[in-house]
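Start from the sequences and build out the full structure, keeping to the hints where you can.
In terms of this note's numbering, the sequence shown is numbered consecutively and its last residue is 344.
Simulated from the structure, these hints should not be mistaken for lab results.
Take these hints with a grain of salt, some might be off.
Here are the simulated distance ranges between beta carbons [what the hints assert, rightly or not]:
(1) Val43 - His106: 31 to 41 Å
(2) Val148 - Asn313: 38 to 48 Å
(3) Arg274 - Phe45: 19 to 29 Å
(4) Ile157 - His106: 23 to 33 Å
(5) Met277 - Ala39: 16 to 26 Å
(6) His106 - Trp325: 19 to 29 Å
(7) Met277 - Lys182: 39 to 49 Å
(8) Ile82 - Leu273: 24 to 34 Å
(9) Val111 - Val206: 37 to 47 Å
(10) Arg215 - Lys182: 25 to 35 Å
From a predicted model like this one, the values you see are computed outputs, not experimental measurements.
Just so you know, even glycine gets a beta-carbon here, dropped at the ideal spot from N, CA and C.
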Amino acid sequence: MDVPAKPRSLGLDIARGTAVILMVVYHMCCWPVGPVNRALTSVCFALTAFRMPVLFLISGFLAAGVVHKPKRQALARISNLIWLYLLWLPVMLLTFPEGPRFDLVHILENVWRPWTELWFIWSLALLISSLFLIQQIQARTVLLASLVIATADYSGILGLTENYDHLLRYAPMFYIGALYRKEITILVHSKFTIPTAAIIVLAVGVIHLAGEYFRQTQGWQLLGGIERIAVCVAAIYLLKPLEAVPAIAGRLALVGQKTLPIYLVHLPLWIVLRPAMPNLGGVATPVVSAALLVATSLLMHHAATKMQYKGMNWLFEQPLWWSSWIAQLASRTVWTIDRRYSTR
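Dropping the structure here:
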């Protein structure tokens, strides 16, 4: 996720930065210092259709080329996520907002069923790995299959536990990003106009109302996945005017380039800082708290990566010994049956 920004991806970085900031604000509403403004809480819940879907879509967009890279580079993308998951899992368990859990069964269960906020990292590792399995399948077939599965999960048919269902529900957004890069690039480069923006907003509204009708009358969330894809498209397009405001665009893009360290750091950091955080009341507390956490997370990441001579960069990036060990392990298993890498 932390690919250096290029001019062509400014719009995606802005969308990603906006999504991760709103995610932190949402967590401040979930685990607040004191009573939270109801209007803000309602807005945070409504934006569920935007935050994680956009992060998954853009992650898919950035990960799409992994299957065309030499095996060492391709594997490094996945092994880095595995490293970060295993490294930060004890931290997340110790700082779990509902209280730490130390029983061995719960700890081991988190390896294959994540109960912490690391479910996003866990899901990305699985989805990026799946790109190697779907290379010979048409993009529309993959998207349709993922939408059908997501719809079944939205409607409660599969009966999966939390975070397993998140993986299935957000998979269509990831595959949209990975398999329809050309269309997304066109969207990112398209010119912003008020009429087009109005049409997009109207389309999202119609899809939402239709989805609510099915949910209220039939009990099925038939358009849950489609609505989130539409919201992602709308968000990327509607945020385009910010590109003309360098002061805002630059800061949002910077946050967008560092979503992974913010995702890892902000919640454990909040559990530590929350007892000392004054209750400013209303909207101010979650917004100020979110700004503090984003800024502190970025400073911690900067300090760690600039202290490579002291060995602190392993907090946010896999060490060489880990990637080498994973590569050796993979060379004896999965890569040996993949003919595309047999001569590389």
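*Is the gap between the beta carbons of Val111 and Val206 within 37 to 47 Å?*
42 Å Cβ-Cβ, so the 37 to 47 Å window holds.
*asked:* Given the hint of 24 to 34 Å, is the C-beta distance from Ile82 to Leu273 inside that range or not?
replied: holds (29 Å)
_Supplied distance hint 31 to 41 Å, evaluated on CB atoms of Val43 and His106_ = holds (33 Å)
*Beta-carbon spacing of His106 to Trp325 - inside the hinted bounds 19 to 29 Å or not*: holds (27 Å)
*asked:* Against the range 16 to 26 Å, how does the distance between the Cβ atoms of Met277 and Ala39 compare: consistent or not?
replied: This hint holds: roughly 21 Å between Cβ atoms.
*Falls inside 19 to 29 Å, the C-beta gap from Arg274 to Phe45?*
With a Cβ separation near 21 Å, Arg274 and Phe45 satisfy 19 to 29 Å, so the hint holds.
*Could you see if the CB distance from Met277 to Lys182 stays within 39 to 49 Å?*
Cβ of Met277 to Cβ of Lys182: about 45 Å, so the range 39 to 49 Å holds.
_CB-CB spacing for His106 and Ile157 relative to the 23 to 33 Å hint_ = For His106 against Ile157, whose Cβ atoms are near 28 Å apart, the range 23 to 33 Å holds.
*Confirm or reject the claim that Val148 and Asn313 have a C-beta distance inside 38 to 48 Å.*
holds (42 Å)
*State, for the Cβ atoms of Arg215 and Lys182, whether the hinted interval 25 to 35 Å holds or is violated.*
holds (33 Å)
The structure meets every hint from the earlier list without exception.
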